[in-house]
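Q: Here is how the chains run, residue by residue.
2 protein chains.
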Amino acid sequence: MLAPRTLNGLLDLAEFPTESILDSARAMAKFSLFDWLVVARAGAGEPVSRIVRDLVAEEGGKPVASVVGLAGKLPARAAALANGAISHALDYDDTHFAHVGHPSAAVLPAALALGEARDASAAQVLDALLIGAEASIRIGIVLGRPHYERGFHQTATAGAFGATVASARMLGLTREETRQALSLVATRASGLKSQFGSMGKPFNAGIAASNGVEAAALAARGFVSCDDGVGGPQGFIDAHVDEVFEDTAWSVPRGVFLFEDIKHKLHACCHGVHAAIEALAEAQRAHRFDAESVASVTIRTNPRWLKVCDLKRPRTGLEAKFSYNMVTAMTLHGVDTASDAVYTDALCQNPELIAVRSTVTVVGDEAISDTGAVVRIETRAGETVDVGHDLSVRLPAETLEKGLRAKAAALVGAGSAEKLWETVASLPTRSARDLGDILRGLR
Amino acid sequence: MLAPRTLNGLLDLAEFPTESILDSARAMAKFSLFDWLVVARAGAGEPVSRIVRDLVAEEGGKPVASVVGLAGKLPARAAALANGAISHALDYDDTHFAHVGHPSAAVLPAALALGEARDASAAQVLDALLIGAEASIRIGIVLGRPHYERGFHQTATAGAFGATVASARMLGLTREETRQALSLVATRASGLKSQFGSMGKPFNAGIAASNGVEAAALAARGFVSCDDGVGGPQGFIDAHVDEVFEDTAWSVPRGVFLFEDIKHKLHACCHGVHAAIEALAEAQRAHRFDAESVASVTIRTNPRWLKVCDLKRPRTGLEAKFSYNMVTAMTLHGVDTASDAVYTDALCQNPELIAVRSTVTVVGDEAISDTGAVVRIETRAGETVDVGHDLSVRLPAETLEKGLRAKAAALVGAGSAEKLWETVASLPTRSARDLGDILRGLR
Chain V
129 MLAPRTLNGL
139 LDLAEFPTES
149 ILDSARAMAK
159 FSLFDWLVVA
169 RAGAGEPVSR
179 IVRDLVAEEG
189 GKPVASVVGL
199 AGKLPARAAA
209 LANGAISHAL
219 DYDDTHFAHV
229 GHPSAAVLPA
239 ALALGEARDA
249 SAAQVLDALL
259 IGAEASIRIG
269 IVLGRPHYER
279 GFHQTATAGA
289 FGATVASARM
299 LGLTREETRQ
309 ALSLVATRAS
319 GLKSQFGSMG
329 KPFNAGIAAS
339 NGVEAAALAA
349 RGFVSCDDGV
359 GGPQGFIDAH
369 VDEVFEDTAW
379 SVPRGVFLFE
389 DIKHKLHACC
399 HGVHAAIEAL
409 AEAQRAHRFD
419 AESVASVTIR
429 TNPRWLKVCD
439 LKRPRTGLEA
449 KFSYNMVTAM
459 TLHGVDTASD
469 AVYTDALCQN
479 PELIAVRSTV
489 TVVGDEAISD
499 TGAVVRIETR
509 AGETVDVGHD
519 LSVRLPAETL
529 EKGLRAKAAA
539 LVGAGSAEKL
549 WETVASLPTR
559 SARDLGDILR
569 GLR
Chain A
129 MLAPRTLNGL
139 LDLAEFPTES
149 ILDSARAMAK
159 FSLFDWLVVA
169 RAGAGEPVSR
179 IVRDLVAEEG
189 GKPVASVVGL
199 AGKLPARAAA
209 LANGAISHAL
219 DYDDTHFAHV
229 GHPSAAVLPA
239 ALALGEARDA
249 SAAQVLDALL
259 IGAEASIRIG
269 IVLGRPHYER
279 GFHQTATAGA
289 FGATVASARM
299 LGLTREETRQ
309 ALSLVATRAS
319 GLKSQFGSMG
329 KPFNAGIAAS
339 NGVEAAALAA
349 RGFVSCDDGV
359 GGPQGFIDAH
369 VDEVFEDTAW
379 SVPRGVFLFE
389 DIKHKLHACC
399 HGVHAAIEAL
409 AEAQRAHRFD
419 AESVASVTIR
429 TNPRWLKVCD
439 LKRPRTGLEA
449 KFSYNMVTAM
459 TLHGVDTASD
469 AVYTDALCQN
479 PELIAVRSTV
489 TVVGDEAISD
499 TGAVVRIETR
509 AGETVDVGHD
519 LSVRLPAETL
529 EKGLRAKAAA
539 LVGAGSAEKL
549 WETVASLPTR
559 SARDLGDILR
569 GLR
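Residue numbers (our numbering), protein chains in the order written: chain V, 129 to 571; chain A, 129 to 571.
FYI, nobody ran anything at the bench for these hints, they're computed from the structure.
Beta carbons are placed, not taken as given, at the ideal position from N, Cα and C, and that holds for glycine.
Just so you know, not all the hints are guaranteed correct.
[Claimed, not checked] Cβ pair distances, simulated, as ranges:
# : chain 1 : residue 1 : chain 2 : residue 2 : range
1 : V       : P556      : A       : M129      : 51 to 57 Å
2 : V       : P556      : A       : D473      : 41 to 47 Å
3 : V       : L446      : A       : E494      : 47 to 53 Å
[Said to hold, decoys possible] Output of the computed footprint for chain A on chain V, the stretches with three or more beta carbons under 8 Å from beta carbons of chain A:
# : segment
4 : 149-157
5 : 233-246
6 : 361-373
[What the hints assert, rightly or not] Listed below are several chain A residues computed to face chain V (Cβ distance under 10 Å; list not exhaustive):
#  : residue
7  : R205
8  : L209
9  : F324
10 : R349
11 : P381
12 : G492
13 : E494
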């Protein structure tokens with residue numbers, strides 16, 4: 129199925145003028161950069177992070193780009209591979225629902241590696257993240273659910289195109305060179321959903337980032353690919369999907385960044401339970417009841433989540449992340465759901481949590497969107513509280529900032545969180561190499 | 129569409145005992161190794177070779193593996209990427225019709241790079257080529273024509289699995305580690321046919337080789353992928369093809385290598401005209417007529433080739449490679465069709481060649497297989513000669529050796545050809561590092 133407008137759409141994005149970028153879009157990119165640094169630091173010690181970092185560190189090479197938690201520098205392709213895997217290791221990085229995936233983990237490592245290699249400013253890296261991620265989102269929409277359902281992982285596949293756009297910007301490619309890079313990455317982009325639940329999932333983000341760096345670097349050297357490897361005959365889209373949504377992706381008014389709808393995970397558990405956590409917390413803030421006073425909780429959610437995160441009696445920390453019952457008990461008891469460390473096997477045996485857990489009923493409701501939840505709490509005193517929350521509603525910047533900084537403190541400690549926040553807050557005075565220094569220090 | 133037997137089939141191949149390999153299979157692998165060295169040397173100066181080699185040379189890194197025409201050594205992943213692209217640059221490397229692609233260009237660079245890094249023997253590299261290529265051929269058959277017709281390039285996609293099997297052998301992986309490597313490369317394997325006619329086609333062989341090295345190296349470090357990324361649900365096969373031919377691939381008796389049906393190009397032009405060239409040469413040898421005495425030539429060929437290589441009046445050297453009329457004139461005039469250098473624009477203007485070219489008629493005939501051709505020559509003296517040739521018939525070893533050595537002499541000069549032949553003839557006394565020394569000297 130052809131998508132002939134997509135290549136030009138991506139090329140137009142790659143050339144999007146810096147001065148026309150809306151402040152609101154750039155502010156959101158800044159939140160994503162901060163959040164990426166936090167989750168990369170928190171995931172730096174994961175087994176997949178260690179394995180991929182060790183591989184590229186042993187290979188070595190010209191020291192131009194930094195890797196999270198590695199003292200020395202490496203070539204840009206290698207750094208992008210490792211940083212992509214590391215930043216997606218916890219699956220706690222940003223998500224874009226229309227893209228069907230995680231844009232920043234695939235795009236930012238490419239922008240950072242080439243930014244550092246070319247001694248760009250941190251502001252240029254930020255813009256490359258924004259524009260590259262926008263490219264990922266747009267082609268992710270073109271590929272759509274049918275691509276995902278066929279078995280492909282947009283984070284990896286669409287992500288490779290976004291990483292290429294970001295890389296092309298960092299290398300200052302001409303429009304023609306960028307066209308070659310995009311047509312070339314089409315033959316390199318890959319990534320399957322069957323890797324979910326294994327180290328292959330975070331690795332998918334790394335391969336997207338590395339593929340983007342490679343394609344742009346080869347195009348800069350004069351590599352000639354086919355005319356339109358993206359949307360042309362037997363191009364990437366034609367081969368990888370039977371139905372395309374090109375109009376949906378490209379009918380957005382010029383200058384509007386769908387990136388602004390990106391969602392940052394504020395809890396270290398399945399995204400499917402986040403709306404319920406927010407609604408419960410809001411209810412508790414507004415009505416000031418404690419966990420012991422709760423008689424019952426009913427959670428209404430989109431039925432698709434019942435197959436994903438409705439474990440009634442979780443026994444392990446990992447299972448707790450996929451349990452409405454458990455996160456409800458945790459939230460009402462004030463356990464910090466933002467901290468990855470609290471989801472333990474021991475937690476699942478806590479009698480006080482089990483007491484609340486047992487009062488929770490989960491109901492599927494087609495009328496609720498898959499980003500929403502409605503909770504009803506009945507207290508022992510006979511009070512009934514109904515609160516709804518929808519993740520698709522954009523948070524006020526102050527609320528998001530507060531949430532992200534609390535998450536950061538929970539994940540990496542208050543001191544480190546504050547330092548990373550200051551870095552991002554002072555971005556206009558920073559260089560890409562300053563960011564590289566920070567990456568190497570994230571240990 | 130699931131193919132659950134394929135992973136085990138590949139694992140059994142990876143473990144195939146060295147002592148059970150048939151001499152005839154190993155002899156064919158030796159021809160492929162020789163031919164690979166020749167076409168890699170001949171393609172070393174092509175633009176795609178220069179661009180990819182320059183990229184990895186600039187990245188540098190731990191010097192463990194050699195690249196064709198590069199003085200220094202590089203990491204194995206990088207060497208495999210470059211050598212794959214270089215050896216497929218002229219599209220003159222070996223072909224397996226059932227695999228639908230070029231096995232050695234994707235597999236041998238992986239085996240060579242890791243063999244050199246691990247200081248293996250040249251014989252071990254040869255066996256890894258044979259077994260890895262056999263793996264490529266089998267999964268190529270599983271994917272079949274529907275995969276190719278959808279837009280995928282088996283050289284790259286199936287080739288990545290073969291390169292992984294070869295790499296697993298060179299690294300001495302356990303069966304479980306090899307399973308992890310194959311499930312992992314499933315998320316990395318890629319390659320599109322839309323790159324044909326551009327530098328992307330040879331690059332596809334390089335990415336397959338590099339992907340194989342990477343997957344095996346990560347598995348050796350403990351990388352855990354999914355249970356069956358190859359033939360399981362939403363595995364590589366499920367996502368990339370709608371119809372599979374698993375029985376065809378795996379009902380071959382144990383110990384039989386389909387690799388023995390590999391074909392070596394003996395002429396520097398489209399494979400579609402090769403059978404006609406062989407038939408014409410055979411007719412001329414048997415009946416000893418010269419080009420001037422030919423009144424007319426009729427070539428019967430499978431109709432699929434009429435859309436591929438039936439240019440009536442080629443104007444450029446490249447077009448001549450896709451012209452029955454022109455290669456007929458060249459063959460009858462004794463022009464060395466094995467030499468890439470003879471296909472020039474000037475050649476297309478040669479009046480004597482044009483005189484013969486104009487007498488040629490090409491006829492599509494469904495009764496002729498796509499590896500066959502039947503030619504009829506009528507001489508001015510009224511004689512009629514009919515000769516058929518089918519490339520699928522295995523050549524006697526002596527005939528193949530003679531053809532490959534003549535091709536080598538035409539491509540790289542008699543002296544270099546002889547040296548490479550002696551290297552391969554003395555393989556049992558050589559190490560992988562000796563082969564690496566030869567690669568670096570191919571300039």
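Q: Give a verdict on every hint.
A: Structure-based check of all given hints:
1. V:P556 x A:M129: 51 to 57 Å: 53 Å, holds
2. V:P556 x A:D473: 41 to 47 Å: Given range 41 to 47 Å: violated, Cβ gap about 57 Å.
3. V:L446 x A:E494: 47 to 53 Å: 60 Å, violated
4. 149-157: Violated: only 0 residues of the segment 149-157 of chain V have a Cβ under 8 Å from chain A.
5. 233-246: This one is violated; 0 residues, fewer than the three required, reach chain A with a Cβ under 8 Å.
6. 361-373: Holds: 6 residues of the segment 361-373 of chain V have a Cβ under 8 Å from chain A.
7. R205: Where the cut-off is 10 Å and the nearest Cβ of chain V is about 7 Å from A:R205, the hint holds.
8. L209: Because about 9 Å separates A:L209 from the closest Cβ in chain V, which is inside the 10 Å limit, the hint holds.
9. F324: 8 Å, holds
10. R349: 5 Å, holds
11. P381: Hint violated; A:P381 Cβ to chain V Cβ min 31 Å, cut 10 Å.
12. G492: 24 Å, violated
13. E494: This hint is violated: A:E494 lies away from chain V, its Cβ roughly 25 Å from the closest one there, beyond 10 Å.
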